[in-house]
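Novice: Those protein sequences? They're chains C and S, same order as listed. Position one of the first sequence corresponds to residue 3 (the working numbering), numbered consecutively onward. Position one of the second sequence corresponds to residue -11 (the working numbering), numbered consecutively onward.
Keep in mind the hints are simulated off the structure, nothing from the lab. Ideal Cβ positions, reconstructed from N, Cα and C, are used throughout, including at glycine. Worth double-checking, as some hints may not be accurate.
Listed next, with one range per pair, are the computed distances between beta-carbon atoms [stated by the list, open to error]:
| no. | chain 1 | residue 1 | chain 2 | residue 2 | range |
| --- | --- | --- | --- | --- | --- |
| 1 | C | Ala101 | S | Ala149 | 36 to 44 Å |
| 2 | S | Ala157 | C | Met3 | 35 to 43 Å |
| 3 | C | Met243 | S | Ala95 | 18 to 26 Å |
| 4 | S | Ala157 | C | Gly219 | 26 to 34 Å |
| 5 | C | Met3 | S | Ala91 | 47 to 55 Å |
| 6 | C | Leu173 | S | Leu117 | 42 to 50 Å |
| 7 | S | Arg92 | C | Gly80 | 37 to 45 Å |
| 8 | S | Arg75 | C | Glu73 | 13 to 21 Å |
| 9 | S | Ala91 | C | Arg240 | 49 to 57 Å |
| 10 | S | Ala159 | C | Ala101 | 57 to 65 Å |
| 11 | C | Ile176 | S | Ala157 | 17 to 25 Å |
| 12 | S | Pro160 | C | Glu8 | 44 to 52 Å |
| 13 | S | Pro160 | C | Leu149 | 28 to 36 Å |
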Amino acid sequence: MYPLIEIGPFALSSGGLFLLLAAIVGGWLTTRIAQSRGDARFVSHAESCYYTALLGATIGGRLWYGLFHPELYGLHPGLYFALRVEAFAWPGALLGGLATGWLWTRWRGAPFLPLADAIALALPISLIIGSIGLLLSGEAFGTPTSLPWAIDLFGTTRHPTQIYLMLAGLLSLIILHWLSTKPLPDGALLMALLGLQGITMLVIEAWRGDSLLLPGGIRAAQIAGLTLMIAALLWARRHVMTHPQPAPTHESYATVEITPFNDS
Amino acid sequence: MIALVVVFGGAWIAATRAQPADALDGRAEPSSATSAAPSFALPALDGSTVALDELRSQVVLINVWATWCPPCRAEMPALQTAYDHYRDQGFVVLAVNQREDAARVAAFMREYRLTFPALLDRDGAVAALYGAPYLPSSFFVDRQGQIRTIYRGPLPPRVLAATIEQLLAEAP
C-alpha cells in the first residue's frame, strides 16, 4: 500500500492522483476515439460532452457517498463541498455523468448515443487506472477472507477487491473493443458498458468491506448494478435482438442540425 | 432472460447482504492477558502535550490512525459519538495520528467535527511502542492503566460501546 506519494515537500494522495490521471486519460482517449469515429464537429462535441459528464460524475459521486453517510453528511452538509477525493462513490458518479451528458446533448441539440458510444469506449482504461489508485490507497477494501489470493490490509487478510475491479475493467475493455468492430446500432457500446458495469457492481460489491448500505444490510451499489443490467438488456432487446441494424455510419450525427455554440 | 437476471440478481443481493458489523470489521486480539499501557507523551494540535500517565483513573481509547486510511476515517464518527456519550463518565479518546503534518490533521478534525484530542506521532514511535503495524489499531486502557483489549482494523460500533461500558463499570 502506498497511500501517499511524496513529491518534494508535498505528500499527495495516491488515490486522488490516479483519479486525476484517469480523468485526464479518459479525456485524451475520448478525443482519439472520436477522431476515428467522426468529423471535427463530432470530436468537439465528444470532448465537451466528456468534460460536462465528468463534472456531473463528480457531483453524483459525492451526492451518492453523502446520502449513504447520514451520520456525517446529514450533520455537516458542508462536507458535500469538501475537497476530499476519497469521498466519492462510483455508482453515483456513473449515474451523474450519464444524466449530465444526456442533458448536455439535449441542451446542444446533439445526438446523445454516438457521443456516448465514443466516451464509453474510453472509460474502461480510466476505470483500470482508477483501480490502481484504489489499490495503492487502500480504498474500496474487501471483506476478510482466507482465500489464497487474499491481501493483507487493515489488520487482516482481505479480498483484493481493487484487483477484481481492475480485472473487470480489463474485461470491459476487451468486450467493448470487440463490439466496436461489429455492426451494431448507435448506443450499443454505451449499453454494453452500462451492462458490464452493472455486473461488476452486482458481483464485486458482495466482497466490499466498505459498502454503502440500505436497511437490512442491502448493498446500495448492487441495486444500482442490477438496475443497470436490466436497463441494458431491455435496450438490447428493443434495439439489437429484435431489430438488428447495420453498423452505424454516424450519418445520423452528421445530418442533425447542431445548435451552434454561442460564445458571446 | 431479463426475468432470469432479476431472479438470480435478487437472490445474489439477498445472499450477500452485509451483516450489521460487516461493513466495519476488524479483528480483536485475545484479551485474557493484560499488560501495562506503555507511557508516552505527544503534542496535541493546540500545542499542548498530552501524557497518557495523566489520564490514569480514566478509560482511554488509544486509536492509531491516519487521514489517508479509509477505515480510520470511516470509524471516526463512531468514536466521536462514543466520546460525546461517555466523556462525562470518565472516557477519553486519544487519536494518535501517524506521521502526518499538523495542518492536514487539523483540517481533517475540523472537517469531520471531531472534538477529542488528536496527537501527532510524527515519527511513528508510539505506534512502534504499542506494536501497531496496522491502521487503524485500537487499544482500550482501563482505569488502572492496563491494556484490556486490542482491536486491529476497523472497530465495529457495538464492540466500541460494549468495551467502553464494561471498563467504565469497573471501580476506579
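Novice: Checked against the structure, which of the hints given earlier come out wrong?
Specialist: Hints 3, 5, 7, 11 and 13 contradicted; others consistent.
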